[in-house]
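A.B. asks: Spelled out, the chains give:
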Amino acid sequence: MELKSKLPSGPIETAWDRTRQELKLVNPSNKRKYSVIMVGSGLAGASGAATLAELGYQVKCFCYQDSPRRAHSISAQGGINGAKNYQNDGDSVWRLFYDTVKGGDFRAREANVHRLAEVSVNIIDQCVAQGVPFAREYGGTLANRSFGGAQVSRTFYARGQTGQQLLLGAYQSLERQIGIGAVQMYPRTEMLDVIVADGAARGIVTRDMVTGKIESHLADVVILATGGYANVFYLSTNAKGCNTTAIWRAHRRGAAFANPCYTQIHPTCIPVTGDHQSKLTLMSQSLRNDGRIWVPLKKGDKRPPGQIPENERDYYLERKYPSYGNLAPRDISSRAAKQCCDEGRGVGPTGLGVYLDFADAIGRLGENVIRERYGNLFEMYERITDENPYKIPMRIFPASHYVMGGLWVDYNLMSTIPGLHVLGEANFSDHGANRLGASALMQGLADGYFVIPYTIGDYLVNAKVKKIDASHPEVKKAEAEVTGRVKRLLSINGKRTPDSLHKELGKVIWEKCGMGRNAAGLKEALQRIPAIREEFWKNLKVLGSGDDLNVSLEKAGRVADFMEMAELLCIDALERDESCGAHFREEHQTPDGEALRNDEKFCHVAAWEWAGEGKTPILHKEPLTFESLHLTQRSYK
Amino acid sequence: MSSIPIITSASSVKPLEATVAKKVLVAITGIVLFGFVLIHMVGNIQLYQGPEKLNHYAELLQSMKPVLWTFRIVLLAAVGVHALFAILLWLRNRSARPVAYESQRFVSATLTSRTMIWSGPLIGLFVVYHILHFTTGTFPPPHFNSHNVYNNVVYAFQVPGVSIAYIIAMVALGFHLYHGGVSLFQTLGLRTPHDEKPLKLVLWVITTIIVVVNISFPLAVLTGLVGLK
Amino acid sequence: MLNLTLKVWRQKGPKDAGQMVTYPAPGISPDMSFLEMLDVVNERMMEKDEEPIAFDHDCREGICGSCGTVVNGIAHGPRSATTACQLHMRSFKDGDTITVEPWRAKPFPVLKDLIVDRSAYDRIIAAGGFVSVNTGGCPDGNSLPIPKENAELSMDAAACIGCGACAAACPNASAMLFVSAKVSQLALLPQGQPERRDRVLKMVAQMDAEGFGGCTNIGECESACPKEIKLENIARLNRDFLVATVTKRPVTASQGGGA
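Residue numbers (the numbering used here), protein chains in the order written: chain A, 1 to 637; chain B, 1001 to 1229; chain C, 2001 to 2259.
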């Protein structure tokens, strides 16, 4: 396997422009002769599917939800970055580029990030034109808020529902194309394999989740926009259905998996209440604009928060990072919270929580202003915890939230399988080792609206794909494998439910490969995961049949892939013997507990090649070069 | 999965066939009928001013045949359209939920809003009876004399069964007018959140006046407050 | 801990007849969400080789709109402005019997147990719930100032999650609240003006074609809506529909080709 990144050379400011000039075009009347498969209907998938259909391609779009509007992008709360400099506070494309590379702890490609920062401006315009009701100032102009890891206000938002509004904008564009027949939509349809024939991705095998029918869909090019794998932790802020199956199956067919160990832990989630917990709920980090994070100074201080006097509180983020304070990046804030809890200063019934206190902000601005800014988040908190955050400080704790790792793609977003493109969270491209807040929405939409529509034509022209039909042996083979797998899951007839096995796996990953990792723990995890996987294939219980709607069967298939994926996650985490961004190896930290990079040995992308069942995956390295920015120690002090 | 074709061109849409248009027709005819009920009540108040006044009013109306018949035709048409589209919508609404809930609890539905489809036909039946009773004299009150409306009313309401029937019909009318009145503002797109409370209050007052005044006629006769003169 | 009894609608497939089935649900923590309670019941059922209750759910934080069941006769259950996934068991008392039913409406056929097909809502959006802009070439975001009040009202309407509770709660199974939310969101913004009349006509026509009932201004939808979408949106839809009907002009301009 060779990693051809196709990165443009020369000055970075004009790299994307020059690339676009060099990319081959498909004549408008020829576009309709090409067919595209889009898997996923989140920000990247819906925006990409709609845009490609507008251009004239025949598009088929697939999602496992009952409607494309329900993809998990909908849950993003805080906002989307755009280097508009509307606030006249010194923002620019360059600064967004710089902040993002630095936030990613210098483990992202410069050229990708610069392109992202450039098109961020167009995304805002696009969304406004679609009727996305962004927050406005009284004069009618767009409002901005500041967000973690930045010193400018460049985050556009729609209350605490920015992801929802952006997704609905893209969804509406997609539905418009569905209405005129330019996109064929397949909801409640799960992709279970990629078809690779004659050296290129030519289709997918799907299961209709209502009828159980296993079917092949063929096209000239396949795009995956299937999100991240944070549910490998079982408990995460991802939707229950989020899974790794699409990208994992593609990986097994030859797509390199890059940086799987870069998983982000979000600092502000509602703490776990018990074993019944099925998922974690995020509280937008925009809350950190007005909330102050603290724990008691003394260990085991069980007094109610109101009775702890000011001088017995430790506002640890403000203390450790005076210039960024409560707005320090996610990885840093999460680790700091964990440290406090490890020291026995955690709050709440489990001791796994810290306070996020709005008393000062309410005193300064009044309850009404706070209600206007965060009302829906406060209500959500109250519904879940039965506590009123206007009166009692919120309790928060970090939770698995987003993954920076994903399928390796070149500058044109194509994986190592020709014709298989990967967008959004499913690829690894733009965030390095840590993603800044309000950048996921930006990346999903950048890929879908403004990158793939340009690069896909170039592939189609150069690849000169020949039509294949359903009788191709590779199609038959992939279908047979999927059918066999479904049968196998149904025939084990053991004692354990998919959820119980998933929980067991998630616990190991959270403990050994979560916020803090070390060689001994990772090695232990690598011992335990194969055992859990073996238990899964020996003792799984799935009731019902494969011929109708079977929720357990769907779960089992996803968990089976997590069982394999989890191992690669730990292998990568063990291999990357440095701390960077969200990947914190306890062996490598500064005396005051900050991540310590090793640029000499690890300034590269780790892209893993599937070597076959039971074989150690093969590591390929794509070196990262920094020509525009200097590698520096990240500091938010 | 069922899939109904997606409508992509506005020029293929026939707005007058839409449920919303049907409701608008029900609302507009409702305004006409509401207005009639109000005028009818005001005219009838003359019962309290004695036989001369009321009988004179009746004669005046009878003397303007073209006007009278225009009114009657407009009212008949309004009733027809109102009832026809209300029933069509009701049938459609029933078929929209083929399987009923095992248990359904209503949170904000009111007695008036839930009973429109029953109060409406009840009023319709009452109107038919009312016309046969007083106008045509098909089922006349005792000592029916088409030129002495005052006496007809008194004789009629002296029969307790008749009075009770009228009272029940008036309560149904009140229910229907209140929800119908609030509802027509919504249907015609005139309601805003700011004037919701005053609108409901005004309609409550108007319908209460209509019901109380109309009920007062049989009560006055039954209690002897109004008698033969 | 709560000891509850569940009465749940079980239906094998779209063409099968269904029925209410009673299950005991002992030892339920008040901190569980309603769906976590169903998870626990399901896990116990599977241990006894009974097929679990199928229900739609995904984000479990009240925004994706996947979940939705009628709990004790109320869409999304007894707590106002709350989806089933955000409803917590502390809203119930020890010893309660809870009935759980799927959305009931002709355009929402049951697929299995509590899962219904809501694709009718997608088709209503596909008919006109959008602004027809292609990607690229859009004017600068600030070139179109929008009064804050309109932006806020538009956002209020845009908060709809398309869960279907409005049609499920309506005694007429009417989808007017859903349709009016999208009509209003776009009618309140300058971007929505060029297609304003066509949009409302097409969306209402699609809604009717799907077989939803008509609105009789009862207001159950507003009470059931987990996102507190207001009835005033329906008034706005009605107004726009009237204006569109009265002012509708047939398109006569020819689609001429370029020179």
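It should be emphasised that the hints constitute simulated quantities derived from the structure, not laboratory data.
Some clues are possibly wrong.
Once the Cα atoms are required to be at most 20 angstroms apart in a straight line, the calculated DMTMM-like pairs of lysine to aspartate or glutamate come out as [stated by the list, open to error]:
| hint | chain 1 | residue 1 | chain 2 | residue 2 |
| --- | --- | --- | --- | --- |
| 1 | A | 487 | A | 548 |
| 2 | A | 213 | A | 548 |
| 3 | A | 320 | A | 54 |
| 4 | A | 541 | C | 2140 |
| 5 | A | 538 | C | 2016 |
| 6 | A | 495 | C | 2051 |
| 7 | C | 2048 | A | 577 |
| 8 | A | 637 | A | 314 |
| 9 | A | 523 | A | 548 |
| 10 | A | 6 | A | 110 |
| 11 | C | 2230 | A | 547 |
| 12 | A | 213 | C | 2117 |
| 13 | C | 2012 | A | 458 |
| 14 | B | 1197 | C | 2047 |
| 15 | A | 31 | A | 54 |
| 16 | A | 503 | C | 2047 |
| 17 | B | 1014 | C | 2195 |
| 18 | C | 2148 | A | 137 |
| 19 | C | 2007 | B | 1102 |
| 20 | A | 503 | C | 2043 |
| 21 | A | 621 | A | 577 |
| 22 | C | 2230 | B | 1196 |
| 23 | A | 538 | C | 2047 |
| 24 | A | 31 | A | 386 |
| 25 | C | 2012 | A | 548 |
| 26 | C | 2148 | A | 372 |
| 27 | C | 2093 | A | 386 |
| 28 | A | 487 | C | 2051 |
To give an idea of the chain C side of the interface with chain B (calculated C-beta under 7 angstroms), a few residues [stated by the list, open to error]:
| hint | residue |
| --- | --- |
| 29 | 2073 |
| 30 | 2145 |
| 31 | 2147 |
| 32 | 2148 |
| 33 | 2172 |
| 34 | 2214 |
| 35 | 2241 |
| 36 | 2245 |
| 37 | 2246 |
Beta carbons are placed, not taken as given, at the ideal position from N, Cα and C, and that holds for glycine.
A.B. asks: Each of the hints needs a verdict: does it hold here or not?
C.D. replies: Cross-check of the supplied hints:
1. A:487 <-> A:548: Between residue 487 of chain A and residue 548 of chain A the Cα gap is close to 13 angstroms, so the pair holds against 20 angstroms.
2. A:213 <-> A:548: 8 angstroms, holds
3. A:320 <-> A:54: 50 angstroms, violated
4. A:541 <-> C:2140: 56 angstroms, violated
5. A:538 <-> C:2016: Distance of about 33 angstroms is beyond 20 angstroms: violated.
6. A:495 <-> C:2051: 14 angstroms, holds
7. C:2048 <-> A:577: Answer violated: residue 2048 of chain C to residue 577 of chain A is near 47 angstroms, above 20 angstroms.
8. A:637 <-> A:314: 17 angstroms, holds
9. A:523 <-> A:548: 41 angstroms, violated
10. A:6 <-> A:110: OK: residue 6 of chain A and residue 110 of chain A at ~13 angstroms, within 20 angstroms.
11. C:2230 <-> A:547: 42 angstroms, violated
12. A:213 <-> C:2117: 17 angstroms, holds
13. C:2012 <-> A:458: This hinted pair is violated, its Cα atoms lying about 48 angstroms apart.
14. B:1197 <-> C:2047: Roughly 55 angstroms between the alpha carbons, so the hint for residue 1197 of chain B and residue 2047 of chain C is violated.
15. A:31 <-> A:54: This hinted pair holds, its Cα atoms lying about 10 angstroms apart.
16. A:503 <-> C:2047: Measuring from Cα to Cα gives roughly 16 angstroms; hence the hint holds.
17. B:1014 <-> C:2195: 17 angstroms, holds
18. C:2148 <-> A:137: Answer holds: residue 2148 of chain C to residue 137 of chain A is near 6 angstroms, not above 20 angstroms.
19. C:2007 <-> B:1102: The given pair, whose Cα atoms are some 10 angstroms apart, holds under the 20 angstroms limit.
20. A:503 <-> C:2043: This hinted pair holds, its Cα atoms lying about 13 angstroms apart.
21. A:621 <-> A:577: Given pair residue 621 of chain A, residue 577 of chain A holds - Cα atoms ~14 angstroms apart, limit 20 angstroms.
22. C:2230 <-> B:1196: Cα-Cα ~12 angstroms, so holds.
23. A:538 <-> C:2047: With a Cα-Cα distance of about 16 angstroms, the restraint between residue 538 of chain A and residue 2047 of chain C holds, given a limit of 20 angstroms.
24. A:31 <-> A:386: Given pair residue 31 of chain A, residue 386 of chain A is violated - Cα atoms ~55 angstroms apart, limit 20 angstroms.
25. C:2012 <-> A:548: Holds, because 9 angstroms separates the two Cα atoms, which is no more than 20 angstroms.
26. C:2148 <-> A:372: Satisfied, since the Cα-Cα distance of roughly 13 angstroms is no more than 20 angstroms.
27. C:2093 <-> A:386: 16 angstroms, holds
28. A:487 <-> C:2051: 17 angstroms, holds
29. 2073: 4 angstroms, holds
30. 2145: 24 angstroms, violated
31. 2147: Cβ of residue 2147 of chain C sits 16 angstroms from chain B, so the hint is violated.
32. 2148: Violated, about 17 angstroms.
33. 2172: OK, holds: residue 2172 of chain C within 7 angstroms of chain B, min 4 angstroms.
34. 2214: 4 angstroms, holds
35. 2241: 5 angstroms, holds
36. 2245: Because about 4 angstroms separates residue 2245 of chain C from the closest Cβ in chain B, which is inside the 7 angstroms limit, the hint holds.
37. 2246: At about 9 angstroms, which exceeds the 7 angstroms cut-off, the nearest Cβ of chain B leaves the hint on residue 2246 of chain C violated.
Hints 3, 4, 5, 7, 9, 11, 13, 14, 24, 30, 31, 32 and 37 from the earlier list are contradicted by this structure; the remaining hints agree with it.
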